[in-house]
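**Student:** Below are the chains, spelled out letter by letter.
Protein chains: 2
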Amino acid sequence: MERVKVGLVGLGTVGRGFYELMSRNGSHFASKMGTSVEIARIAEIDTAAAQALVPRELLVDDYRSIVEQQDIKVVIELVGGTDVAYEIIQSAIEAGKHVITANKALLALRGAELFKLAREKQVYLKFEAAVGGGIPIIKIVRESLVGNRIDKILGILNGTSNYILTRMSEQQLPFAEALQQAQDAGFAEADPTLDVGGGDASHKISLLAAFAFGGWVDYRNILCEGITTVTPGEIEFAASAGFAIKLIASAILIDGKPSVTVFPALIPARHPLALVRDEVNAVFVECDYLGPALFLGRGAGANATASSVASDLGDLVQSLVLHDRRGGYPFDPSRALELYPEKEMEYRYFFHFITANRPGIWAAVTGCLADNGINIESVHQKWEDPSEPSDLYVLVDEAREEQARKALREVSAESGISEQSRFYRILPL
Amino acid sequence: MERVKVGLVGLGTVGRGFYELMSRNGSHFASKMGTSVEIARIAEIDTAAAQALVPRELLVDDYRSIVEQQDIKVVIELVGGTDVAYEIIQSAIEAGKHVITANKALLALRGAELFKLAREKQVYLKFEAAVGGGIPIIKIVRESLVGNRIDKILGILNGTSNYILTRMSEQQLPFAEALQQAQDAGFAEADPTLDVGGGDASHKISLLAAFAFGGWVDYRNILCEGITTVTPGEIEFAASAGFAIKLIASAILIDGKPSVTVFPALIPARHPLALVRDEVNAVFVECDYLGPALFLGRGAGANATASSVASDLGDLVQSLVLHDRRGGYPFDPSRALELYPEKEMEYRYFFHFITANRPGIWAAVTGCLADNGINIESVHQKWEDPSEPSDLYVLVDEAREEQARKALREVSAESGISEQSRFYRILPL
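Chains A and B, in that order, give the protein sequences. End of the first sequence = 429 in the numbering used here, gap-free, step of one. End of the second sequence = 1429 in the numbering used here, gap-free, step of one.
Isolated chain A, as found in the complex (with noise of 0.2 Å):
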């Protein structure tokens, strides 16, 4: 049997998890494969804590050795960051070795040029563990869609903002004590900023945009916009108009371009992905021809993590095997998709106008959204003591995003009007 042999960057969560598959399933991996695989080295700064995790003799301190070691072939960086990682990466495929990460962050950031690179260089730069966690959306995009124009990705993949909304939801709680569960429940960071800011979402969706379209999506040029100012009341009232309140990213064709975007969506209670709870993540697909699909799984943790990465492992094998050094992919990382443009996205809106309570506030309400052409579809005040701010709620008909803001920042600028007042978005499904 043919033998590959592996340099492993990283002995963190998902590192030692991935370590442990390969320990419990590698006999397993290579009756399937054909091939077996074999971790010859493993890269860890801390060595004291990894030597009682793995054999003293395959850990070293440094990367590098990884790297300049000739029969290793495939070079898994799992530190995680976006410097060492960087370097990692970049120096393996320059030595001429296919690189597994899980590193949505540093891929986000520049995977544009690590893409070209691993091409020029003729190896993959294989992600799968990078989106969605254990779910294979990257290898669905990439190899069972290809008879498919993709119309539409819809997400849930950051399964920190999923839990902590699915606990505002269940148990009525405000963000803060929902974000606080989470870090209890080790489903969010201390710093929950990347997670709860929409970033780590944006991450994931310009990944898969990129590889649904053929070109490359930068994330800073996408609308992102995180779950910090939704409260129980916003969802209380969305769930009384038939709707879930959830962190969607989306990536979708209009006119031929794609809109991707990342922010708290009001969608169908009734949609499947309305139903994905606490900290799973959900893809939702459709393409003209497979139709619409859902797609559900653990969307992190060291074991389904390891799951993908050993996926990718299993790609590689057999392109070794087969001396397979294309390093191509059905993208041009070097050429910047045209995002459809924002303001003029079109969506029925959910305002939320933080309100005195005195005489003159609905028609001042009222009439900054007639001015702006927007139409009222529905309307909810909640009032428990009029000495207190109310709320107001107003779900208002299709619009384009430009007529949306303009209408928030005129009634915002209303007397008795909160600037805090804001509006979500409500996504067709």
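Be careful, since some hints might not be right.
Listing some non-contacts, in silico: residues in chain B with all C-beta distances to chain A over 10 Å [said to hold, decoys possible]: (1) 1039; (2) 1040; (3) 1128; (4) 1134; (5) 1218; (6) 1223; (7) 1290; (8) 1293; (9) 1295.
Covered stretches of chain B, as calculated for chain A (at least 3 residues, CB under 8 Å) [unchecked claim]: (10) 1060-1070; (11) 1187-1199; (12) 1202-1216; (13) 1246-1254; (14) 1277-1289.
So, partial list: chain B residues that the calculated Cβ filter (under 8 Å) puts toward chain A [said to hold, decoys possible]: (15) 1021; (16) 1033; (17) 1036; (18) 1136; (19) 1269; (20) 1272; (21) 1296; (22) 1324; (23) 1339; (24) 1343; (25) 1345.
Simulated from the structure, these hints should not be mistaken for laboratory data. Ideal placement from N, C-alpha and C gives every residue a C-beta, glycine not left out.
Got chain A sorted already, so can you dock chain B onto it with the hints?
**Tutor:** Leaving out everything else, chain B in the frame of chain A:
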């Protein structure tokens, strides 16, 4: 750009769908694959009808001219049935061509032989469209889960049955009326036996189990029951106890042996599988590393099936470009898997006894169950007209299949109890 010549056999619904897909998305496919595909010849017996659909010069009325054409590298069999389809696939493989088929009935019946032949001839026999329609479950099981031990596969694999059960449940229709609706809506054949009797699902789960567990599973050896006995009353009672009734095809590893079954099962109403409506297919998978995952999509129809055929074609184009002639599969078609013994399976059961209305019936039922060591969880009797037989619904604790069958036989032999009495199994999820 390299060019691969393909022969298409059969221009029925699926054949036309695939031809249309390649006409519409062929250049897209080529740019993704870096290789273009030419449908070089199409065989269809009904050439008169076919002439209206495809260029006349491509048409032949005998598949043999495709098999004999040297430069055709891939044969796509979309005629269905198990006679001519077998000849087409067998002769194409013998001629050294890769084959794509959507024919689950044929593969379930003679797959062991055909996969063995394909390996000998160093070609691939691909069948993504045969299981789960557009859901890429074969690729997921074979490639994405390569690092996992697959513990459990539960599928809603027959769209017709799921459509009927959904109508029965949502509109309180008897089976015959729901079947009629399915036929009117185009979701059931004039002769629905293969669908509603569980046969179609048994073909699919046997194939899935073979590739998940690495050996052959003969669908004729598995426990297979259809949905024809299910009544709206049973569905209603199940719902009141927190269950939905779905035709579930399952392959579950018990003590290292696969238990492969098809039957109408009670599953928890809150489980995502319970929410799969109408003709949609779904596959729930549980693995040691991936954890639980769920894949949903269209299980049939020309377009979804064409999408899966195109996915297989993408893989074969890659194999051809890389001169991959291993024809290997991560399973040994000559090795019949030893199934977990049917009578040893353990479930909770839902008994439905159809009884006369008179004293002593409850005593007979509960006595028989007790004699067989079966513990009653709850009992519900529906009693509308005392002169009519009444429905006695009994949920019982976990028991072995052997016990449950013996108890049913004994109760049904009692005076005043109908031989139509039956049970359903509750699947743990």
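**Student:** All hints are to be evaluated individually against the structure, with a verdict given for each.
**Tutor:** Hint check:
1. 1039: holds, 13 Å
2. 1040: holds, 18 Å
3. 1128: violated, 8 Å
4. 1134: Since the minimum Cβ distance to chain A is about 4 Å, residue 1134/B lies within 10 Å and the statement is violated.
5. 1218: The claim stands: residue 1218/B keeps its Cβ more than 10 Å from every Cβ of chain A (closest is about 22 Å).
6. 1223: At roughly 27 Å from the nearest Cβ of chain A, residue 1223/B sits farther out than 10 Å, so the non-interface label holds.
7. 1290: Given that some Cβ of chain A is not farther than 10 Å from that of residue 1290/B, nearest at about 4 Å, it is violated.
8. 1293: violated, 3 Å
9. 1295: violated, 5 Å
10. 1060-1070: violated (count 0)
11. 1187-1199: Violated, because only 0 residues of the segment 1187-1199 of chain B bring their Cβ atoms closer than 8 Å to Cβ atoms of chain A.
12. 1202-1216: Violated, because only 1 residues of the segment 1202-1216 of chain B bring their Cβ atoms closer than 8 Å to Cβ atoms of chain A.
13. 1246-1254: Three-residue rule not met by the segment 1246-1254 of chain B, so violated; n is 0.
14. 1277-1289: With 3 residues closer than 8 Å to chain A, the segment 1277-1289 of chain B meets the three-residue bar; holds.
15. 1021: holds, 5 Å
16. 1033: holds, 7 Å
17. 1036: At 13 Å from the nearest chain A Cβ, residue 1036/B fails the 8 Å test, so the hint is violated.
18. 1136: Holds: closest Cβ of chain A sits about 4 Å from residue 1136/B, inside 8 Å.
19. 1269: violated, 12 Å
20. 1272: holds, 7 Å
21. 1296: holds, 4 Å
22. 1324: holds, 5 Å
23. 1339: violated, 20 Å
24. 1343: Violated, because the Cβ-Cβ distance from residue 1343/B to chain A comes to roughly 29 Å (cut-off 8 Å).
25. 1345: violated, 25 Å
The structure fails hints 3, 4, 7, 8, 9, 10, 11, 12, 13, 17, 19, 23, 24, 25 (numbered hints given earlier, in ascending order).
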